[in-house]
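> Assemble chain B onto chain A, guided by the hints.
Here is how the chains run, residue by residue.
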Amino acid sequence: MRYITDRKRVDGLGAARSGVHHFWVMKVSSVALLGLIPLFVFTFGPMLGRPHDEVIAYFAQPFPAIVAALTILVSFRHFKDGVQVLIEDYVHGWKQRALIIATILLSYSAAAVGLFAIARIAL
Amino acid sequence: MADVNRGNRPLSPHLSIYRPQLTAITSILTRITGNALIVAALLIVWWFLAASTSPEYFSLADAVITSWFGDLVMVLSLWALWYHTLAGIRHLIWDNAKMLEMETATKLGWAVVIGSVLLTLITVAVI
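Keeping their order, the protein sequence lines are chains A and B. The letter at position 42 of the first sequence is residue 54 when you use this note's numbering, and the numbering goes up by one with no holes. The letter at position 12 of the second sequence is residue 57 when you use this note's numbering, and the numbering goes up by one with no holes.
Treat the hints as calculated values from the structure; they're not laboratory data. Bear in mind the structure is a predicted one, so any value in this text is a computation, not a measurement. Misleading hints may appear alongside valid ones.
What the hints assert, rightly or not - Below, in silico cross-link-like pairs of lysine to any residue (SDA-like), each with a Cα-Cα straight-line distance of 20 Å or less:
#	chain 1	residue 1	chain 2	residue 2
1	A	92	B	88
2	A	39	B	134
3	A	92	B	122
4	A	92	B	73
5	A	92	B	87
6	A	39	B	137
7	A	107	B	80
8	A	92	A	54
9	A	39	B	77
10	A	39	B	138
11	A	92	A	115
12	A	39	B	74
13	A	92	A	121
14	A	92	B	85
15	A	39	B	141
16	A	39	B	135
17	A	39	B	136
18	A	92	B	83
19	A	92	B	91
20	A	92	B	75
21	B	152	B	136
22	A	92	A	118
23	A	92	B	59
24	A	92	B	76
25	A	92	B	84
26	A	39	B	78
27	A	39	B	140
28	A	92	B	81
What the hints assert, rightly or not - Stretch-level coverage of chain B by chain A, calculated; a stretch enters the list once three of its residues show a Cβ under 8 Å from a Cβ in chain A:
#	region
29	77-83
30	107-116
As the list claims (entries may be wrong) - Ranges between beta-carbon positions, derived for each pair:
#	chain 1	residue 1	chain 2	residue 2	range
31	B	67	A	22	35 to 41 Å
32	A	58	B	87	18 to 24 Å
33	B	59	A	50	33 to 39 Å
Each residue gets a CB set at the ideal place from its N, CA and C atoms; glycine is no exception.
If we strip away everything but chain A, and leave its shape as in the complex, we get (with noise of 0.2 Å):
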């Protein structure tokens, strides 16, 4: 049992000098994903469910794989900052800082595996 109150503890020790950082990662990723996602809707969605040597000759243009690999690369790091967010609002304690380090792991390596794929189809 605590008897200091939160307030207290904290007192003194100042800001975090973080300050609006996340805040303006996630304006920078949101706008650059405003123009992302619809070039990859309408790139990536009309490729879905065609015979394979025709998706491969159509991600090996420069202009298709490099929306993909942006889109990518992107929205995983958007992912990783928005859940965090929905994280740090809904679980506390060693929970939650396990629940973020598994949101980065996951975000950067399913980035990984998708801009290794384009790579390689692209290349």
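Frame of chain A, contents of chain B only:
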């Protein structure tokens, strides 16, 4: 974590007694759609990995994504994607302390809901 109920006092039953409001529903839907999109995102990454590996692996991944269940997931995800995008635009506007009046916020909420359905229908028709 702060002890939100020092001394075991009764808490305000805030969520359970409120009449659902459009602004609240559209707000929580932004979070739900954003997080639910992980399913489609992982499926798409898998599809790319399969395409880069072999024609056999690709036909498996492509068959899963274009099955009736895959189609259902992808169409719902498409709606979630447009919803989250429009709701995101709303947040970018709100960040400038503009259009926050109750009436305007409600109109924006309807714009997000109707707009996302329209964009989904248009996308399905085009693709």
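> Does each hint fit the structure? Answer for all of them.
Here's how the hints hold up against the structure:
For the hint linking residue 92 of chain A to residue 88 of chain B, the alpha-carbon distance of about 17 Å falls within 20 Å, and the restraint holds. With a C-alpha separation of about 10 Å, the suggested pair residue 39 of chain A and residue 134 of chain B falls inside the 20 Å cut-off, and the hint holds. Taking the CA atoms of residue 92 of chain A and residue 122 of chain B, the gap is about 18 Å. The hint holds against a cut of 20 Å. Proximity of residue 92 of chain A to residue 73 of chain B is assessed by CA-CA distance (about 18 Å); at most 20 Å being required, the pair is judged to hold.
In summary, the hint linking residue 92 of chain A to residue 87 of chain B is supported, as the alpha carbons are separated by about 13 Å, within the 20 Å threshold. About 8 Å separates the Cα atoms of residue 39 of chain A and residue 137 of chain B, which keeps this hinted pair within 20 Å; it holds. Restraint check: the Cα-Cα separation between residue 107 of chain A and residue 80 of chain B comes to about 18 Å, which is no more than 20 Å; the hinted pair holds. Between residue 92 of chain A and residue 54 of chain A the CA atoms are separated by roughly 24 Å; this puts the pair beyond 20 Å, and the hint is violated.
Taking the CA atoms of residue 39 of chain A and residue 77 of chain B, the gap is near 19 Å; set against the 20 Å cutoff, the hint holds. Of the supplied pair hints, the one linking residue 39 of chain A and residue 138 of chain B holds, its CA atoms being roughly 11 Å apart against a limit of 20 Å. At roughly 6 Å between alpha-carbon atoms, residue 92 of chain A and residue 115 of chain A fall within 20 Å of each other, so this suggested pair holds. Taking the CA atoms of residue 39 of chain A and residue 74 of chain B, the gap is about 19 Å. The hint holds against a cut of 20 Å.
With a C-alpha separation of about 11 Å, the suggested pair residue 92 of chain A and residue 121 of chain A falls inside the 20 Å cut-off, and the hint holds. Straight-line distance between C-alpha atoms of residue 92 of chain A and residue 85 of chain B comes to about 15 Å, which keeps the hinted pair within the 20 Å bound. The suggested pairing of residue 39 of chain A with residue 141 of chain B holds, with an alpha-carbon distance near 12 Å, which does not exceed 20 Å. Between residue 39 of chain A and residue 135 of chain B the CA atoms are separated by roughly 12 Å; this keeps the pair inside 20 Å, and the hint holds.
Only pairs whose Cα atoms come within 20 Å are accepted, and residue 39 of chain A paired with residue 136 of chain B is accepted, the gap being roughly 9 Å. The straight-line distance between the Cα atoms of residue 92 of chain A and residue 83 of chain B is roughly 10 Å, inside the 20 Å bound, and the hint therefore holds. About 18 Å separates the Cα atoms of residue 92 of chain A and residue 91 of chain B, which keeps this hinted pair within 20 Å; it holds. At roughly 15 Å between alpha-carbon atoms, residue 92 of chain A and residue 75 of chain B fall within 20 Å of each other, so this suggested pair holds.
The straight-line distance between the Cα atoms of residue 152 of chain B and residue 136 of chain B is roughly 14 Å, inside the 20 Å bound, and the hint therefore holds. Only pairs whose Cα atoms come within 20 Å are accepted, and residue 92 of chain A paired with residue 118 of chain A is accepted, the gap being roughly 9 Å. Pair hint residue 92 of chain A plus residue 59 of chain B does not hold up; C-alpha atoms about 29 Å apart against a cutoff of 20 Å. The suggested pairing of residue 92 of chain A with residue 76 of chain B holds, with an alpha-carbon distance near 13 Å, which does not exceed 20 Å.
Taking the CA atoms of residue 92 of chain A and residue 84 of chain B, the gap is near 14 Å; set against the 20 Å cutoff, the hint holds. In summary, the hint linking residue 39 of chain A to residue 78 of chain B is supported, as the alpha carbons are separated by about 18 Å, within the 20 Å threshold. The suggested pairing of residue 39 of chain A with residue 140 of chain B holds, with an alpha-carbon distance near 10 Å, which does not exceed 20 Å. A C-alpha spacing of about 13 Å is found between residue 92 of chain A and residue 81 of chain B, which places the hinted pair at or below 20 Å, so the restraint holds.
Only residues whose beta carbon comes within less than 8 Å of a beta carbon in chain A count, and the region 77-83 of chain B has 4; three or more means the coverage holds. Coverage of the region 107-116 of chain B by chain A holds. Counting CB-CB distances below 8 Å, 3 residues qualify, and the rule asks for three or more. Restraint check, residue 67 of chain B to residue 22 of chain A: a C-beta distance of roughly 37 Å satisfies the suggested window 35 to 41 Å. Evaluation of the 18 to 24 Å hint for residue 58 of chain A and residue 87 of chain B yields a pass: the beta carbon distance comes to about 21 Å.
A hinted range of 33 to 39 Å holds for the C-beta pair residue 59 of chain B and residue 50 of chain A, which are about 38 Å apart.
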